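*Asks:* Each chain, written out:
There are 2 protein chains.
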Amino acid sequence: MEAAVEQSSCPACAGAWPRTDHLIARGDVADLYLHEDQFFRGWCVLVLRRHAVELYDLTCTERHAFVDQAAAVSAALASVFQARKMNYELLGNQLPHLHWHLIPRRLGDPSPLEPVWRIPHEPRTLTGEDLEGLVRRLRLVLQ
Amino acid sequence: MEAAVEQSSCPACAGAWPRTDHLIARGDVADLYLHEDQFFRGWCVLVLRRHAVELYDLTCTERHAFVDQAAAVSAALASVFQARKMNYELLGNQLPHLHWHLIPRRLGDPSPLEPVWRIPHEPRTLTGEDLEGLVRRLRLVLQ
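In the order they appear, the protein sequences are chains R and U.
Position in the first sequence (first residue = 1) + 430 = my numbering.
Position in the second sequence (first residue = 1) + 430 = my numbering.
Next up, chain R with everything else stripped away, as it sits in the complex (with noise of 0.2 Å):
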């Protein structure tokens, strides 16, 4: 099977992926969302802007403003949620334009230990009210 996505088929760069009423902020380098997925309460996606599919691809520049803007959000995605520990995941198995998946790893977590990968659940979609408010909640603490 083929690996990469060209970027003329890449879903991040027409739009279709992630969802816009998952947007949480942009930035220079790269824009936040809130993951698809909320059974990780507080689980985001930061989305590099242009098409890269890896870390050594980046200018340094680029590199630096990318892990930074991933520091400092993981930072507020910590505090608010009150992270045990924060995991930080660059995969593109599926989907090989750059993001990171900031998962903040809860007190309550039903498997502290693991990757998120390994404990099965059944998918939290939020809608309406419930993803507005706490998309809101976000762009706030971002600010």
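Everything labelled a hint here was simulated from the structure, so no lab data went into it.
Just so we're clear, the structure is a prediction, and the values are computed from it rather than from any experiment.
Just so you know, even glycine gets a beta-carbon here, dropped at the ideal spot from N, CA and C.
Please note: incorrect hints may appear among the correct ones.
Far from chain R, some chain U residues (derived; all Cβ distances over 10 Å) [claimed, not checked]: (1) His481; (2) Glu484; (3) Phe511; (4) Gln524; (5) Asp560; (6) Leu561; (7) Gly563; (8) Leu572.
Selected chain U positions facing chain R (in silico; Cβ < 8 Å) [stated by the list, open to error]: (9) Ser504; (10) Val510; (11) Arg548.
Use these hints to put chain U onto chain R, whose structure you have.
*Replies:* Structure of chain U alone, referenced to chain R:
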């Protein structure tokens, strides 16, 4: 349960993890080791030299050096192991001393679209000549 491992009881600070015979290279900010389970061949861990738990606990200079080293190592691993995608993960749920998992996802990967944590497998531990040979090869590449 308590999240934080204090520095005094940190296995990374005590030199108890990773195993010294898995050491590939020492860096200014972080040291590179081969991961003990080589089922995903080329999986390495890049361990911060000083004790810190979160990306936002680092100074900008440290964080930039850490991510630049992760990127440089990943470029080499991707080339050596012909990765279709690199995975970069900072978790620390079990051992919160900052360390990147740098994982080449190869063409022959049993489940290339999934995070490694979702792929059941028997760990593949290298010993003797096999271990020394791979460590030596990566040292040469990373020089």
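*Asks:* Taking the hints in turn, state whether each one holds.
*Replies:* The hints, checked one at a time:
1. His481: 15 Å, holds
2. Glu484: The assertion about Glu484 of chain U is violated, with a minimum of 6 Å to chain R.
3. Phe511: 13 Å, holds
4. Gln524: Contrary to the label, Gln524 of chain U does not stay out of reach of chain R, its closest Cβ about 5 Å off (not over 10 Å).
5. Asp560: 27 Å, holds
6. Leu561: 25 Å, holds
7. Gly563: Per Cβ check, Gly563 of chain U is outside 10 Å of chain R; nearest 25 Å; holds.
8. Leu572: 13 Å, holds
9. Ser504: With a closest approach of 6 Å, the Ser504 of chain U hint holds.
10. Val510: At about 13 Å, which exceeds the 8 Å cut-off, the nearest Cβ of chain R leaves the hint on Val510 of chain U violated.
11. Arg548: 5 Å, holds
The structure fails hints 2, 4 and 10 (numbered hints given earlier, in ascending order).
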